[in-house]
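Starting from the known structure of chain A, fit chain B onto it as the hints suggest.
Going down the list, the protein sequences come from chains A and B.
Numbers 2 to 345, taken from this note's numbering, label the letters of the first sequence in order.
Numbers 24 to 327, taken from this note's numbering, label the letters of the second sequence in order.
Be a bit skeptical, because a hint or two may be false.
[Claimed, not checked] Just the calculated beta-carbon pair ranges, DEER-fashion:
1. A:Asn218 with B:Phe149: 46 to 54 Å
2. B:Thr155 with A:Ser303: 48 to 56 Å
3. B:Leu171 with A:Leu310: 49 to 57 Å
4. A:Leu99 with B:Leu295: 35 to 43 Å
It is worth saying that the hints were derived from the structure and are not from the lab.
Predicted, not measured: the structure shown is a model, and the values here were computed from it.
Using N, Cα and C, we set each Cβ at its ideal position, and we do this for glycine too.
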Amino acid sequence: MSAASVPERGDHPTLPPAFAKALLALILFVAVPATLSGIGGGYLYQIATTALIFVILAASLNLVTGTAGLLSLGHAGFYGIGAYVAALLSTRLGASFLVTLPAAGAVAGAIGTLVALPTMRLVSIYFAVATLGIGEMIYVTLLNWTDFTRGPMGIRSIPDIEMLGWEPHSPMQQYLVVASVAAVSLWVLSRLTHSYFGNALRAVREDDQCASAMGLNVVHLKIVAFGASCCFAGIAGALLAHTANFISPDQFQFGESINILAMVVVGGLGSLPGAVIGALLLVILPEALRSVGDFRMIAIGSIMFFSILLLPKGLLGEASALSLLRRQFGEAWSGRPGPPVGWR
Amino acid sequence: MLDVYLAQQIVNGLSIGLVYALMAIGFTLIFGVLNVVNFAHGEVYMIGAFAGLMLITAAAPPLLAVVVIVLTVGAATGVGLERLAFKPFRRFRDEASLRSRAMREATLLSSLAVSIVTREAMRQIFGSSMQTIPQGYLLQHPIRIGVLSITDGDLIIFASSVVMLVALQFLLFRTRTGLSIRAVANSPLGAQFVGIDTDRAIMATFAIGSMLGATAGILVGLYTGTITPQMGFAPGIKAFVAMVMGGLSSIPGAVICALFLGVAESITTEFLASGWQDLVAYAFLIATLVFFPQGLFGVGRERA
Numbered sequence: 002m003s004a005a006s007v008p009e010r011g012d013h014p015t016l017p018p019a020f021a022k023a024l025l026a027l028i029l030f031v032a033v034p035a036t037l038s039g040i041g042g043g044y045l046y047q048i049a050t051t052a053l054i055f056v057i058l059a060a061s062l063n064l065v066t067g068t069a070g071l072l073s074l075g076h077a078g079f080y081g082i083g084a085y086v087a088a089l090l091s092t093r094l095g096a097s098f099l100v101t102l103p104a105a106g107a108v109a110g111a112i113g114t115l116v117a118l119p120t121m122r123l124v125s126i127y128f129a130v131a132t133l134g135i136g137e138m139i140y141v142t143l144l145n146w147t148d149f150t151r152g153p154m155g156i157r158s159i160p161d162i163e164m165l166g167w168e169p170h171s172p173m174q175q176y177l178v179v180a181s182v183a184a185v186s187l188w189v190l191s192r193l194t195h196s197y198f199g200n201a202l203r204a205v206r207e208d209d210q211c212a213s214a215m216g217l218n219v220v221h222l223k224i225v226a227f228g229a230s231c232c233f234a235g236i237a238g239a240l241l242a243h244t245a246n247f248i249s250p251d252q253f254q255f256g257e258s259i260n261i262l263a264m265v266v267v268g269g270l271g272s273l274p275g276a277v278i279g280a281l282l283l284v285i286l287p288e289a290l291r292s293v294g295d296f297r298m299i300a301i302g303s304i305m306f307f308s309i310l311l312l313p314k315g316l317l318g319e320a321s322a323l324s325l326l327r328r329q330f331g332e333a334w335s336g337r338p339g340p341p342v343g344w345r
Numbered sequence: 024m025l026d027v028y029l030a031q032q033i034v035n036g037l038s039i040g041l042v043y044a045l046m047a048i049g050f051t052l053i054f055g056v057l058n059v060v061n062f063a064h065g066e067v068y069m070i071g072a073f074a075g076l077m078l079i080t081a082a083a084p085p086l087l088a089v090v091v092i093v094l095t096v097g098a099a100t101g102v103g104l105e106r107l108a109f110k111p112f113r114r115f116r117d118e119a120s121l122r123s124r125a126m127r128e129a130t131l132l133s134s135l136a137v138s139i140v141t142r143e144a145m146r147q148i149f150g151s152s153m154q155t156i157p158q159g160y161l162l163q164h165p166i167r168i169g170v171l172s173i174t175d176g177d178l179i180i181f182a183s184s185v186v187m188l189v190a191l192q193f194l195l196f197r198t199r200t201g202l203s204i205r206a207v208a209n210s211p212l213g214a215q216f217v218g219i220d221t222d223r224a225i226m227a228t229f230a231i232g233s234m235l236g237a238t239a240g241i242l243v244g245l246y247t248g249t250i251t252p253q254m255g256f257a258p259g260i261k262a263f264v265a266m267v268m269g270g271l272s273s274i275p276g277a278v279i280c281a282l283f284l285g286v287a288e289s290i291t292t293e294f295l296a297s298g299w300q301d302l303v304a305y306a307f308l309i310a311t312l313v314f315f316p317q318g319l320f321g322v323g324r325e326r327a
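The shape of chain A in the complex, shown without the other chains (with noise of 0.2 Å):
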C-alpha cells in the first residue's frame, strides 16, 4: 500500500480533531437541513435522504472491496435483504423502526457471513463472480417467493419510522433520523478502516499470502469485513424501506451494486471519504440533469468511465485520504501526549 507518505507533525495546518468532527456533525445536521428548508423543498428532502442512505452503502462496500481488495459485485442483494426484512417485520408483525433497523441490519449481516463462509477462499475475479451470482439468487429469490414477499409487486405501505411513540412525519424529521443512522454508522466504518483491524485489511489486499505468513487469520479477516459490510447494507435497506415506504425486488438488481461500486470507484477505492463523496455526487448529479432527461444512468457509466481513465486513484485517493484523516482527526498525530496507537 501507498501510505507512505505519512506527513511529518506540523506539515500542514490542523483542526483540534474534536473541532474537525463538530464541523461535519453541523453540516449534517444543521447547515444541510437549514440549506434544504431555507430553498423549501419536500423533494430535496427525499434526494438527501436517499444520498445519506447511498453514503452508508457506499461506505459500506469500501471496507470490502476498497479495504480487503474484495471485489463484490452483488452488495445490492444484501441491501435487498435489508429492506425487505424491515418492510415484513413493520407491515406483518408491526414492529417498531427501533426493531426492524438493528434486525435487518442482523439478518443482511448473519446471511452475508453465511455466504462468506464458503466463498472467501477464492481469490481475485473467482470471488467477484461468486458475489455477483449470490446477489442475482438474492433477486431471484425476493422475485420469485411471491407468497413471502409479495413477488413483483412490491411491498406497499411501509410504516414510517416511529420511534417510541414519535413519528417524524415532516421530510425535516426523517431525514434528521437518516442522518443519525448514517453517521454512527460512518463512525464505526471509520473506526473499523482506520484501526489495526484496517490495516490487516490492507495487508490482506496487497498479499494475503504474506499476511498470512506474518500470522493474521487471512480468512477469518475476511469474514468479519464482509459480515459487517452486509450488515451496514441491510441498514441501509432498511432506512430505505421506511423512508421510500414502498419497495420492489428491482431495486434490488445487479445494476443498483454496480451503481454502489461506480460510487466507491469514483470516490477512490479504499478511502472512506471518497466513498461519501463519490454517493453524494452520483445521487445528486443525476437529480440536477434530470430537467435535460432521464439520463442517469448514462452520466453515471460517464462518470465512471472518464474516473478510471483520468483519474485512476479516484476524487480522493486512498493514500491523501488516509493522510487527510490522520491530521484532522486522528488524536494521537495531533501532537497530543496521550497512549501511542495507530499506524506507527
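Relative to chain A, chain B alone:
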C-alpha cells in the same frame, strides 16, 4: 422409454445452451488473451441484433447476407470496444503492472461502464420496449421430427454454431493470426520478445469474439422474437457463468458447460415455476466455485 416432454425440454435446452456457448466463446477468448473479463460482451450481442434488425427493415436481404453483415458489424464493434475500454489501460507494459490486480480491475470496471452507457444510449434511441421484427424473418416455423417438435431456428442456430466453432478452431490452430493469439494468451511478454504485434493480436481476438457474439445476437433475436436494448444482459451473465464453470480459459470446457446450463435450465421448468430457472444457473456457479475452484475443465492456473 424417455418421456417425450422431457426429451423436448432437453432439445430446447440444447438450443438455449448453444446460444450461451456462442457468447461464452467470445468471453473465453478475450479472457484467455488479456486475463480480464469483458463485461461489455452482452452489449455486443445486443448491437449485433439491432444491426441485423435495422438491415432487415431497411433492405430485407436474405438471411445469409444479414449474418455476413452482422459478422462485419460485430468485428467493428469489437475493435471499437477494445480501443475505447481496454487499450487506454494498457499504457503500462512492465510485468509488474501486467500482473497487478488494480490494472485488471480497471479494465473490468471500464468495460462495465462502457456497457452501461451503450445499453442506456440504445434505450434512449430505441425505447426499452420490444422491436417489431418482420414476420418472414422470424425463425419460428415448426418442424416435426418423430414425436419431437423443433423450429427451423433451432436447426439454424445449431448449424451456425457448429460452423462457427469449426471455423474458430481452424483460425486458432491453422493460421498465423491464430498462432499469434495463442502466443499472447500464453505469455504477453514472451510474445512481444519474439516480435509479435500484441496490440494486433488483441484486436483480432476482440474482433473474433465479438463476431461470434453479434451473430448469436441476431440469430437469437429472430428465434425468440425479442430484440430489446437489455436483451444482452441475461445471456451475458449465463455465458459468463459457463466460462467460469468451464475453467476460465478453456473453450471446449465453456461450450460443454454452456450446453449443460441450457439443459439444466429447461429441465428446471419441469419441476419449478419458470422464474426460478435463473437460480439454477447461479447455484451451479456457486457450487462449481466452491468445489472445483479451477472450473470443471480448467488446468491449474497461476494464482493471481
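### Task
Would you list, in rising numerical order, the hints stated earlier that this structure does not obey?
2
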